[in-house]
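Here the structure of chain A is known, so what remains is to put chain B with the ligand in place on it, guided by the hints.
If you read the protein sequences in the order shown, they are chains A and B. Just add 471 to wherever you are in the first sequence, counting from 1, and you've got the working numbering. Just add 13 to wherever you are in the second sequence, counting from 1, and you've got the working numbering.
Be careful, since some hints might not be right.
[Stated by the list, open to error] Sample of chain B residues facing chain A (criterion: CB under 7 Å; computed from the structure):
hint, residue
1, T156
2, A160
3, D357
[Said to hold, decoys possible] Computed, partial: chain A to chain B, Cβ under 10 Å:
hint, residue
4, A519
5, F752
6, Q799
7, A838
8, N843
9, G859
[Claimed, not checked] Residues from chain B that keep clear of chain A, each with C-beta distances beyond 10 Å, as calculated:
hint, residue
10, G154
11, L221
12, I281
13, E302
14, I347
Source of the hints: derived by calculation from the structure; they are not laboratory data. Backbone N, C-alpha and C fix where the C-beta goes; we use that ideal spot for every residue, glycine too.
Listed below are the residues making up each chain.
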Amino acid sequence: MDLSYTADEEAFRAEIRAFLEAELPSELAEKVRLGRDLTKADMEGWHAMLNARGWLAPNWPKSFGGAEWNAVQRHIFDEESAAANAPRVVPFGLSMLGPVLQKFGNSAQQEHWLPRILDGTDWWCQGYSEPGAGSDLASLKTRAVRDGDHYIVNGQKTWTTLGQHANMIFCLVRTDPDAKQQEGISFLLIDMDTPGVEVRPIILLDGSHEVNEVWFTDVRVPVENLVGEENKGWTYAKYLLTHERTGLGGVGFSQAGLAAVKRIARAEMHNGKPLIENPHFAARVAQVEIEMRAMATTNLRAISKAAAGEAPGLEASMLKVKGSVIRQEINDLARRAVGPYAMPFASEALEGANDLVPDPQDAGPVAAQYFNNRKLSIFGGSNEIQRGIIAKVAMGGGR
Amino acid sequence: MNFELTEERRMLQDTLRRYLRAEYSTERRNAILDSAAGYAPEIWSGLADLGVIGALFDEAQGGFGGAGFDIAVVFEELGRAGVVEPLLDGALLAGRALALAGRQDIVDGLIAGDVQLAFAHYEPGGRYDLDYVQTEASGGGLTGRKAVVMHGGAAEHIVVSARDGDQIGLYLVNAGAPGLDARDYPLLAGGRAAEVMLDNTPAEPLGLGLAEIESLVALAMVAQCAEALGAMETAVALTQDYLMTRKQFGRPIGTFQALAHRMADLLIELEQARSAVINAAGMLGTRDEATTLAASKNLIGRVGRQVAEEAIQMHGGIAMTQEYELAHIAKRIIMADHRFGDTDYHLERFIALSAA
Ligand SMILES: Cc1cc2nc3c(=O)[nH]c(=O)nc-3n(C[C@H](O)[C@H](O)[C@H](O)COP(=O)(O)OP(=O)(O)OC[C@H]3O[C@@H](n4cnc5c(N)ncnc54)[C@H](O)[C@@H]3O)c2cc1C
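The following block holds chain A by itself, in its conformation from the complex (with noise of 0.2 Å):
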């Protein structure tokens, strides 16, 4: 046992820090920090940053152009990133379907999709819930039908996220329909350009536009877009989501999260003292942030896991679980922070009229951010799911 990291991973930390600082742009960082809407071409603009540097696929194989980091040198990467307020990484090209297609793509594919997937040339998004299909993901409906060297696609995709920047779409339909569920779908690669695809915004409960649906009507897909064999898409929808739950502890967040905490507590005064000096208020804090430190050498425990090649267990549900209860709990507790300032609605609201408010700016989307991350429980596997999984592989009927 040694907690401390090898002086490699404290060089390497401190090459990330010095990036950084120097090319992550300030008005950037502020937007992050104070939890605005990052643009399009924001997002796009810091991808380019770090394309450029090499480090934009960390865990990508470097024959494709990624990082190749282990899982402590990403992890490494990813805290000094939170810590810095550097934008998260969208993740659907990257973090899901790269993968993907490296291990189940041909090498026309491969050649094709990965190098427009660092270069920015495509943003892709997510296709995989249909308002039918959440949970139980392996009951969805859209169909696609062979046509000569095409697909004919129809159906409805939901929830998709960021799917109005995405000019490409990856997408689990039904090819088979009489076989058993999970052995009847497919994975397919859709342009959304292509005539008969539609995007209609669905607007979050905080007043954000972050998700999509997307509706086919007999959509022609060229059959070189499937990837895979057809009718295995569940098997390559299984190893993304795999992926999509490393990383989902999400503890990088939660200690600038808390930061800001305490940050908008020790300006805020309640009977002539900060926030921060009140009793109740400290209690809840000081809980938070316990659960937090242990979770993080949980979450290094997986990972030194991960980088001595160990599949990934029920750690990443686990993770996924208390992550997000975690991160949630923060939320709230900035929402409480900042007492009758959480009510206005924060874009247009303290916007010129709030000099006087102690960090106003930080006190803004806090209760946005509280509603909006309710998120964290709900997608890529909602927290009971990930429970079921925890119980049933503990108590029989395996995996």
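For chain B with the ligand alone, coordinates are given in the frame of chain A:
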């Protein structure tokens, strides 16, 4: 012991519920949320016509109610429908202040639905502390700033607290008065509020002090608890329906015990919340008022969070969408904890009061 509502209150409850069911659909409400005014004048006058505002005042004040249970009945229904029209501040707080001050002329207009009012007490930097008043009264003018004043931009008269030496008092300020600047903005859970800036703004003293502010806020706490209760009832009902109709893995999700037990917990906590509102309304004006209100507001804040978060979680993604009724209702429930003191504030108060 009798836990039945009186005949009059039951009639008020029925009429109000029926009116809101007909006039305050999710669509209508979402349109109001998006409107520039942030409230619907015709709903306001509709409510006044039904006697809803009159129910908040006693007969001597030109109304026909005014007791804790009248307030609770009205606000529970408003909460159930997610009403954003600011009756709590505009009618109850400001109106009862003016009634206490004997400004019957304005109160009559309010009860008739003809006058818009606001109540400006809390200040930036004061959180929920009732005696934190920095706004100064001197030479007939008020100078200072009031925080998150509900309806502050639309009100024709604002009841404002200020300090004259070490005396806190309430004053009446008219919209358009020199040195008054109400900068208004929309609220996350609907409606609009304003930062009210006063710069030697002419004001009329109302002859009311901190003791009256405390008793007005006690009324408001009953109303706020009842409103949150009504909203919780809607959240729980929506969740119950959804668990029975939404199917995943070939069966209604409510048949998964992981959800069924949590639904049961919500039903248990909802009854706790109902009792807390009854306690608050019943103890208003008694020796136990302060302790009971602190207890009720704490419980409502705690249970409210559980209901809002669990209702969203058990719905899944659909509850995250602005259009779906639960999203608005959940925001109303959570935001109730940001008014008149949150769970922690009232826990601390309860400890102090029950130790005394
Ligand atoms: C903000 C946001 C972004 C998203 N982005 C994307 C995206 O980019 N691409 C994409 O494909 N999808 C995306 N999703 C969809 C997400 O993956 C689904 O919301 C999730 O799978 C849950 O499905 P559902 O919403 O239909 O809820 P349901 O599956 O209907 O679940 C409702 C409730 O029932 C519970 N439940 C279901 N089954 C069981 C069971 N067997 N046992 C116990 N409890 C159960 C759930 O946990 C939940 O509490 C996103 C969702 C959100 C909210």
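Each hint, compared with the structure:
1. The restraint placing B/T156 at the interface with chain A is violated, with a minimum CB-CB distance near 13 Å, outside the 7 Å limit.
2. A cut of 7 Å between beta carbons decides the hint on B/A160: the least distance to chain A is about 6 Å, and the hint holds.
3. Using the Cβ-Cβ criterion of 7 Å, the hint placing B/D357 at the interface with chain A is satisfied: the shortest such distance is roughly 4 Å.
4. Hint status for A/A519 relative to chain B: violated, with the closest Cβ pair at about 31 Å, above 10 Å.
5. Of the supplied interface hints, the one on A/F752 holds, with its beta-carbon coming within about 6 Å of a beta-carbon of chain B, less than 10 Å.
6. Here the hint on A/Q799 is kept, as its CB sits about 8 Å from the closest CB of chain B, short of 10 Å.
7. Hint status for A/A838: holds, given a least beta-carbon distance of 6 Å to chain B, under 10 Å.
8. For A/N843, the suggested interface contact is upheld, since its CB lies about 8 Å from the closest CB of chain B, less than 10 Å.
9. Taken as an interface hint, A/G859 checks out: its beta carbon lies about 7 Å from the nearest beta carbon of chain B, inside 10 Å.
10. Annotated as non-interface, B/G154 keeps its C-beta farther than 10 Å from every C-beta of chain A; the closest such distance is 19 Å.
11. Every CB of chain A is more than 10 Å from the CB of B/L221 (nearest about 22 Å), matching its label as outside the interface.
12. Every beta carbon of chain A lies more than 10 Å from that of B/I281, the smallest distance being close to 20 Å; the non-interface claim holds.
13. With a least CB separation of 21 Å from chain A, B/E302 remains clear of the 10 Å interface cut-off, as annotated.
14. Listed as outside the interface, B/I347 is inconsistent with that label: its C-beta sits roughly 8 Å from the nearest C-beta of chain A, within the 10 Å cut-off.
Of the numbered hints stated above, those contradicted by the structure are hints 1, 4, 14, listed in ascending order.
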